[in-house]
Amino acid sequence: MELTLREIADSVGGDVIGDDKTVVTGINSLDEASCGEISFFSDPRYRASVKKTDASALIVSKVTDLYQGPQVVVLNPALTYTRVATLFASPIPTYPGISDQAVVHKSSRIGRSSSIYPLVYIGEGAIIGEDVVLFAGVFIGDRVKIGDRTVIYPNVTILQDCIIGNDVIIHSGTVIGSDGFGFVKDGSTSVKVPQMGIVQIDDQVELGANNCVDRAAMGKTWIKRGVKTDNLVQIGHNVVIGEDTIVVAQVGISGSVRIGREVMIGGKAGFADHVEVGDRAMIGGGAGVIQSISPGEIVSGSPTMPHRLWLKTSGLIRRLPQFNDRLRALEKEVDELKRRLD
Amino acid sequence: MELTLREIADSVGGDVIGDDKTVVTGINSLDEASCGEISFFSDPRYRASVKKTDASALIVSKVTDLYQGPQVVVLNPALTYTRVATLFASPIPTYPGISDQAVVHKSSRIGRSSSIYPLVYIGEGAIIGEDVVLFAGVFIGDRVKIGDRTVIYPNVTILQDCIIGNDVIIHSGTVIGSDGFGFVKDGSTSVKVPQMGIVQIDDQVELGANNCVDRAAMGKTWIKRGVKTDNLVQIGHNVVIGEDTIVVAQVGISGSVRIGREVMIGGKAGFADHVEVGDRAMIGGGAGVIQSISPGEIVSGSPTMPHRLWLKTSGLIRRLPQFNDRLRALEKEVDELKRRLD
Amino acid sequence: MELTLREIADSVGGDVIGDDKTVVTGINSLDEASCGEISFFSDPRYRASVKKTDASALIVSKVTDLYQGPQVVVLNPALTYTRVATLFASPIPTYPGISDQAVVHKSSRIGRSSSIYPLVYIGEGAIIGEDVVLFAGVFIGDRVKIGDRTVIYPNVTILQDCIIGNDVIIHSGTVIGSDGFGFVKDGSTSVKVPQMGIVQIDDQVELGANNCVDRAAMGKTWIKRGVKTDNLVQIGHNVVIGEDTIVVAQVGISGSVRIGREVMIGGKAGFADHVEVGDRAMIGGGAGVIQSISPGEIVSGSPTMPHRLWLKTSGLIRRLPQFNDRLRALEKEVDELKRRLD
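Protein chains in written order, with this note's numbering: chain A, 1 to 342; chain B, 1 to 342; chain C, 1 to 342.
Chain A extracted, bound-state conformation (with noise of 0.2 Å):
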């Protein structure tokens, strides 16, 4: 892939400063970038490393003396490098058409255009867009639906009935429709409610590799559009996330849990069945919510507090031997004085 430094900017949108027919190779980092790659600067700190960087361009939020070659000024570098970068990504590794080393229903429908890799497993009556990639070892249940241009890595599982959209990522090894933990007690033993329901996965959905999404008791599981996942998440049966949330690796959502939209969720996060996030609320890593948590709160803890109060009570938690001390040292203090007075 080849491109002009004109070309870059005219797809960004941004000034070029010095020469605009700069041919462009590839991009890196400042330290790692070698001749005929594009980097980036913006963050102060690397002040050293783009004085010595070799890179033959740079992507800058305004112009910087400490480097030489040409520079294409841009209002947002960090989203500026991401689309330069997309452009000189290696495409996702496609199989031409269907496989005939993949299992495929003959109900299922499948998009002309898209690949099937040997080892593919598709159920009855599935039905699959355009310009869809499933990699080796996906299982598809029946009548599971794809929209178009997702792509489901190696390995993953998607049970039956599920809906996944358009321009879906899922990682390898991740769960769609397994059943949700769900029994009622019958003396000690414990009877399984059927879970009847489904996984429904928006348009724009990432989900990380290793990921447990349980279907529903009755209704959906639903995730919204542009929602993303990190690694080893677990989503509960009947939760709804809502649009643009940001959930980080190993994070858990008991069932009935309901998040709005924006809302960012810290790795390692566990949360309360049927508890309520409000929309852009934000949700320290780590953080143990038992109780709904408002629009736009900042919460952090187990159980969650203001994040501003975890951070003192953070610092204070390591002087309770301290407090100790002086607790001590006033008990005395006042057994002294009292003894004085009688």
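Worth double-checking, as some hints may not be accurate.
Identical copies look the same in the list; a pair holds intra-copy or inter-copy alike.
[As the list claims (entries may be wrong)] Calculated lysine-lysine pairs in the DSSO-like style (CA-CA distance at most 27 Å, straight line):
hint, residue 1, residue 2
1, Lys51, Lys220
2, Lys185, Lys62
3, Lys62, Lys192
4, Lys220, Lys52
5, Lys145, Lys220
6, Lys228, Lys192
7, Lys52, Lys145
8, Lys21, Lys62
9, Lys106, Lys52
These are calculated hints, taken from the structure and not from any lab test.
Position chains B and C relative to chain A; hints supplied.
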């Protein structure tokens, strides 16, 4: 599926109030039930829903005048609902016989009524009972034994010599019989301790998706009858879990932990190795169990403490800033008193 | 497998006390050993077991008179036990050559002595060494390189361009080379940062089941020689883990974290992104590492503090209700003193 209210009432031992010839075609929540469906009412919080439900019949613990249609009166409506839902639930989708696109070692023995999907691997000397379902992507190692009516979902791995009972359900991505995590240091190098034991899973166990159950160093890791685990649970080598114990998502159980029967373990709880947990203990979500827990104890926190104490301390931790202020105020006042007395 | 005590002693460098022609056919714990088996005794807590063991020989650190049979005296009985167990352990079950039910791209190169099970997928230009075992359900992406004697268990996914060394073991369900979790906000939308790097796993690494190791945004995520991870571990993009570091189950390591050599990381610990951990540090189970840790430091808690301080604070947290009572009592007494002085 169509059943009369009389047939339903007879199958669960309930009394019909109203027309027992009412035909029921499905089951649903109060809010989503439509004509022909039966629903369920016992929690007074759902009074508003019961008034406007379209359900054609209700399962109730006592007759309600909020609803005009026929009612089935039972002792335990939650359990009855579960049993009725099971009548209407779709059966597990099976494959007719042993697929010739499965890879089955000729020395293995498989029950005639079992369902082996394409892309299953079954190793040397494996023995599989009747009415078993193995979905695509399942790996069954050499000499594995599986009882009757067990269902193993896609992409599950069961390694050599492990033993799985009757009526077991194992959800997708779960690994049974991976090596326990055992090393001995030789200088800075970690020398692997061979893991020579097995995993034994008894009847009626259900394991969630993406669980890991390690084989024993020697002897067996043992999950007893009726245990239910949620998703992403870690079970180390030589762990024993007693009958009917419930393990919620993302729990981590270290090597050689022994857990009693009917224990409840909340999500994300972790256990140090070798601890013991008595029968019917309850362990809160996120608890860190570093000491043994007595039968019937209810604990929370990390490290664990009695649940009631944990409730108190959780409340008090957020008051640490005030504690600090109060200590400082007291110190000032005591100084002042001393000065006045001197 | 049959070995004389003399052969065993010679292979581990020990002295035989008693009959060195004793034939040993296996190894077992003191309680479960039967005639013909060798066992191991060094911890005095097992005195009762050693008195009644049926083992035909013992490995000991010094001769014991609690046992009448022959004894092999060695410097490090735990390490010797491991080496002897390895002599008796079953070999990894292999498949003869490359199965014709595997899907192997014609451009890949595979060592003649390697074992490729049915239902393996190997992509374009992959290079696989000698004596490698790939179990069924393994996915090897395009241009992946795998060294000699590496064992990859069922349903592991290794995505394009990743590099795996010699003598590596990867347990089932683990994913190597999934995309790192990187997004840049464009308004409320998350724009995916292309993940253009790889994962490199050096010699003698062992990764547990259902791990996730993300590929680097640029450059590589790097797991160095001798690292051992337990199950369900998350390793983010651009993480570097030093030689011989031990990572217990359910640990989460965020992007760009750098961990030194011979570090011990307890189960469920979590790391904020970009933190650094020095060589030979020890991090307690469940720790929340949000700041860098110096070499040799021993920390626990969330956020981390020195382990000894954590022990104290953990004890004091459960005394918070008394602290509160003591504060209240002091406040009353000081008020009373003030009144008496006024």
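**Prompt:** Does the structure break any of the earlier hints, and which numbers would those be?
**Reply:** Hints 7 and 9 contradicted; others consistent.
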